[in-house]
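Protein chains in written order, with the working numbering: chain A, 22 to 354; chain B, 22 to 354; chain C, 22 to 354; chain D, 22 to 354.
Please note that a few of the clues may not be correct.
Which copy is meant is left open, so a pair is good if it fits within one copy or across any two.
Here are the simulated DSSO-like cross-link-like pairs (lysine-lysine), alpha carbons at most 27 Å apart as the crow flies [as the list claims (entries may be wrong)]:
#1 K202 - K153
#2 K153 - K136
#3 K57 - K212
#4 K212 - K153
#5 K212 - K159
#6 K57 - K244
#7 K57 - K229
#8 K151 - K57
#9 K136 - K316
#10 K254 - K151
#11 K151 - K316
The set of hints was computed from the structure by calculation and includes no laboratory data. Quantities reported herein were computed from a predicted structural model and do not represent experimental measurements.
There are 4 protein chains.
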Amino acid sequence: MRIGVVGYGYWGPNIVRNFHSLDNTEVALVADRNPKCEARLKKNFSSIGFTANESDVLTSPNIDVVAVVTPVWTHYDLAKKALENGKHVFVEKPFTCSVAQAEELIELADRKNLKIMVDHTFLFTGAVRKIKELVDNKELGDLYYYDSLRVNLGLFQHDVNVIWDLAPHDLSIMDYLIADKPEAVVATGEKHLNGVEDVAFITVYFPKRVIAHVNVNWLSPVKVRTTLIGGEKKMLVWNDLEADEKIRIYDKGVSMSTNPANLHQLLVSYRSGDMWAPQVEQVEALRAETSYFVKCIEENKTPFNDGMAGLRVVRILEAANRSIRTRGEAVSL
Amino acid sequence: MRIGVVGYGYWGPNIVRNFHSLDNTEVALVADRNPKCEARLKKNFSSIGFTANESDVLTSPNIDVVAVVTPVWTHYDLAKKALENGKHVFVEKPFTCSVAQAEELIELADRKNLKIMVDHTFLFTGAVRKIKELVDNKELGDLYYYDSLRVNLGLFQHDVNVIWDLAPHDLSIMDYLIADKPEAVVATGEKHLNGVEDVAFITVYFPKRVIAHVNVNWLSPVKVRTTLIGGEKKMLVWNDLEADEKIRIYDKGVSMSTNPANLHQLLVSYRSGDMWAPQVEQVEALRAETSYFVKCIEENKTPFNDGMAGLRVVRILEAANRSIRTRGEAVSL
Amino acid sequence: MRIGVVGYGYWGPNIVRNFHSLDNTEVALVADRNPKCEARLKKNFSSIGFTANESDVLTSPNIDVVAVVTPVWTHYDLAKKALENGKHVFVEKPFTCSVAQAEELIELADRKNLKIMVDHTFLFTGAVRKIKELVDNKELGDLYYYDSLRVNLGLFQHDVNVIWDLAPHDLSIMDYLIADKPEAVVATGEKHLNGVEDVAFITVYFPKRVIAHVNVNWLSPVKVRTTLIGGEKKMLVWNDLEADEKIRIYDKGVSMSTNPANLHQLLVSYRSGDMWAPQVEQVEALRAETSYFVKCIEENKTPFNDGMAGLRVVRILEAANRSIRTRGEAVSL
Amino acid sequence: MRIGVVGYGYWGPNIVRNFHSLDNTEVALVADRNPKCEARLKKNFSSIGFTANESDVLTSPNIDVVAVVTPVWTHYDLAKKALENGKHVFVEKPFTCSVAQAEELIELADRKNLKIMVDHTFLFTGAVRKIKELVDNKELGDLYYYDSLRVNLGLFQHDVNVIWDLAPHDLSIMDYLIADKPEAVVATGEKHLNGVEDVAFITVYFPKRVIAHVNVNWLSPVKVRTTLIGGEKKMLVWNDLEADEKIRIYDKGVSMSTNPANLHQLLVSYRSGDMWAPQVEQVEALRAETSYFVKCIEENKTPFNDGMAGLRVVRILEAANRSIRTRGEAVSL
């Protein structure tokens, strides 16, 4: 299978390295309008071709799969042209700028029997896979909440706000963990510098009293990547910046009972037990993801992080942007 | 000065100990309807009187000041009766259940020339005093945001939700640090157990793009008390659970300039420098607060944490409750 | 049972409070040469008698047990007089200034059928009890090492060096956990200020390749209380400054095998698994210890932290002092 | 300048990458007896030659500098042959297996006017450079102690014990920071698995009451890289595993005075102030080091981490091995 890559900025080299190192796969051509990229590419991968013209990648008859690793506002055009030329597409997150764009790409791929994968890399980390396993095995019991703090200093984007930059990680993870469809989004935030929100807080309401919250911030002096997940039986803390013990599971909980002396009164009782940090598989997530995409194409299977998954994330992002403009009015999904 | 205390539950003993140990002050009488409290009181303070009838405290001619250390739904009645009987009142936070109650108590105290202090204890900690000093001295520059994470397992309240339980701390600190009046409140959250919200997220909009956010949660497996404060020049992290170095100030920032080559393009540049943890005064906050209240009464001065300060916090709490019922509709203040 | 306490400085009030609050026990008399202690005592325990003359405690016919809570150089004289007057004695750690003194007190107590308990408080903490349980149940497998870091700024002692001040904690814990008798002690260190060692490093050799190491330091800018315990099957980290999760057990290990291709070559293989933090009982250690002493006296049983345990710790301290004077010459035990 | 590299195992690729990326420098040939290394090399550096025979590197007339990146027991022979063939040598730490070997290589290089650099990489990190600056500027005042904890699980070596594996880092840093020559070494430790010490504790005595201690351990469940450095005026903690704030400087200290009331009594007083974490330069240490070596050769200057520096470290290692065999007998230097 021959891969073409459009975009060789910050993330592109990782995409190239991973697709190139898989068995039976090679990166044939990389496109970037920045001419400095050629030397960077050649230094590490002298055999891979380079072009300043992305059309060369999108239309080449020798290319089977196109990876779109460019700013979000270019995804739709690039992916569309690649699909029209019969290529499978691997697209950076967030999938597109709008629900309408995403729907159109999905429809086009379906029609041409091509695969779309949206690069929700976190879903392939050992940590998220372990959390998925714990949730699916009902180890946490029914979920109560998902609450993520994802803050750091910069990197400011010019074209998108901090929600579109940082929240897709959490939104794709929620989408992966929580079976029910979200009901509504509330977003608040503020713009302090270049006209886009740099601090934002998003609440997503799910059925059955499950609530999710994401705190994203480009103006934090410290980098934090911590998620609390509370369940009926157990609760966990995922600190992605820990080298080891990324996930800590607490055998703690709260339960309700009726006061025998007063049937109208509910009593809350606490349970506190051991903490447990399961070993998490140490793999490069992107390697697992690219390998999985190749396998899906070969076996004609739909990846779980397909265009539909990308669309579900874009739907929440779009709703969050609408909500934040009205200072938190709930937007139904 | 003779103090009477109503309520000898969790916090009452601290109030008694502090008022009792001040010079020229003594606690004369403690009231609690729970008869077990008498033995607990006598074990440590054999000379202080006890009564199961709070009216004894509220009406005693030998008492100058009444401290109300009971659940919030009782504050209004107890404080009102104390004021009517000519006593100064020291009231637990939150001040009252409603803006109307708070306004009535303030008006009553004014009319009778009595003092009200609301127990916003955190304002008297070394950490908050140091932050106040940094903000007032413009060391942080203009404020961008105040973002607090205040979560733990329990302690569930039956009569109030997690906002009324945990957020008053942050709301009183914001009120202390930010000169401008808040404009609007957005609150989201969910009830999982006993019919009151146990997870909640509050955004407060201030003028000049200052935004505050408070994350409160009774269902967290870990206890966190961390606040990020971002300013134009510097940013700080206050971790109240650290034994030393509660406050860390980062000489980090972001600034904007115009691209000389393209006057329509804003460039964001980052500045990263040293971190500095100033030594913070180690005092018992409640001792400083009770001592200050006695001094305010003696010198006929209005404490900064007076009924008006209590009212400002209750106004936001009331708005948050209204907003949370509508899933985040902004409530103007 | 009536208790007399000699010494009401830093630790004395805790001893008084605990013995006084037990059922069937009361503190009858406290002695301290510092006249300011009387007011401090009376404020909290108005019913307990006070004297500036310790002989009143040591000889009173109304006292059954004497707690010696004074500097180490006074322990021998006070405990001896108490035993001669027929009292059981509870002595602060370290037991005595020398092996000879300890042996004499043990012999005297045996002759008069009296109990001695040495206040090795740490043995009664939830953390050490849990570690003891893990070691005794062979969960760690054979022990490899015990390595403790116990450093902070001050509190300088005038009469003893940092080894006698801080190491007794670890030496008593080792004595409790490791069944075999230590073979030899090596100590190094330095004096920087007042003529006693303020930085010291102690190695204790045990049979079967078990080695212990204690790093004590009065000149550290940070307080650390961390112990690593390595075993054949598992390893643990005990951080006594953590509020929760004081003990973390790592399912990690190393094992040896012979290279099938080269029988002379040993291969080392690593095993890495989950981490587990068992819940640790949250009790006041001193309460458990004082209660246990009363029980030992009532039931005429020998406490495990008896004079012999105190002697074993003093023997290592004495050897460490001898070794440090010769820059680390091993002293056999 | 043309570089040849002998050894392409764990560290070799870093040496190749750094020497190869410098201006005016290229790696011409890499030797390794393991044939798998060729593919690994070619994948990243297709233009660099490979040989299974190290003599090709040591004798090639086209090579100016040989980097010896092999196990320590091979250093002497390889470096000797390189020097005899007129090459400058860059040698992994520890320099050699013995003082005699080191002295011979130094003498040979001197005679042939060639440079030796020993790869004490840590001396080129931003953290150690900052500490050096603080020490040289007398910000810490006179040094009291250097105390390092350097422990982790594995990586067991077959030919050297944990001291020779891990302690060279600290010994080279001490040598860099402390001007005075060490006086004596005491080492204790134990062998649990493959016949070499896997746990060891080293004390180094310096003049003027400066004492250093290094705790190295291959059997620790957690990785720790923390060094405390205490001075008369200030103290610091260097935690090399922190992403930011690797160095924390505490404005804390202890001072002595004479009791005015009793001139024989020394009073110790404590000073506690702010903590400060200076920004540390973020460079790849090995890049700075290789670049510095090239510059030293070009300008015919002696690097500070020359053969003499390597020898001083080997001298302590040799003494530590002698001391550990006698359970801590001090070995004079």
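The hints, checked one at a time:
1. Proximity of K202 and K153 under a CA criterion of 27 Å is satisfied intra-copy only: 17 Å inside one chain copy versus 44 Å between copies.
2. Taking the closest pair of Cα atoms, K153 and K136 come within 27 Å of each other only inside a single copy of the chain (24 Å); across copies the shortest separation is 56 Å, beyond that limit.
3. In this assembly of identical chains, the alpha carbons of K57 and K212 never lie at most 27 Å apart, being 33 Å within a copy and 55 Å across copies at closest.
4. Taking CA atoms no more than 27 Å apart as the test, K212 paired with K153 passes between copies only; the shortest distance there is 24 Å, against 35 Å inside one copy.
5. Taking the shortest Cα distances, K212 and K159 sit within 27 Å of each other only across copies (21 Å), while inside one copy they are farther apart (40 Å).
6. For the homomeric pair K57 and K244, neither the shortest alpha-carbon distance inside one copy (30 Å) nor that between copies (40 Å) is at most 27 Å.
7. For the homomeric pair K57 and K229, neither the shortest alpha-carbon distance inside one copy (52 Å) nor that between copies (42 Å) is at most 27 Å.
8. Proximity of K151 and K57 under a CA criterion of 27 Å is satisfied in neither setting, with 40 Å inside one chain copy and 35 Å between copies.
9. Only within a single protomer do K136 and K316 lie at most 27 Å apart by alpha-carbon distance; the minimum there is 11 Å, versus 54 Å between protomers.
10. Taking the closest pair of Cα atoms, K254 and K151 come within 27 Å of each other both inside a single copy (17 Å) and across two copies (25 Å).
11. Taking CA atoms no more than 27 Å apart as the test, K151 paired with K316 passes inside one copy only; the shortest distance there is 22 Å, against 49 Å between copies.
Violated hints, in rising order: 3, 6, 7 and 8; the structure is consistent with all others.
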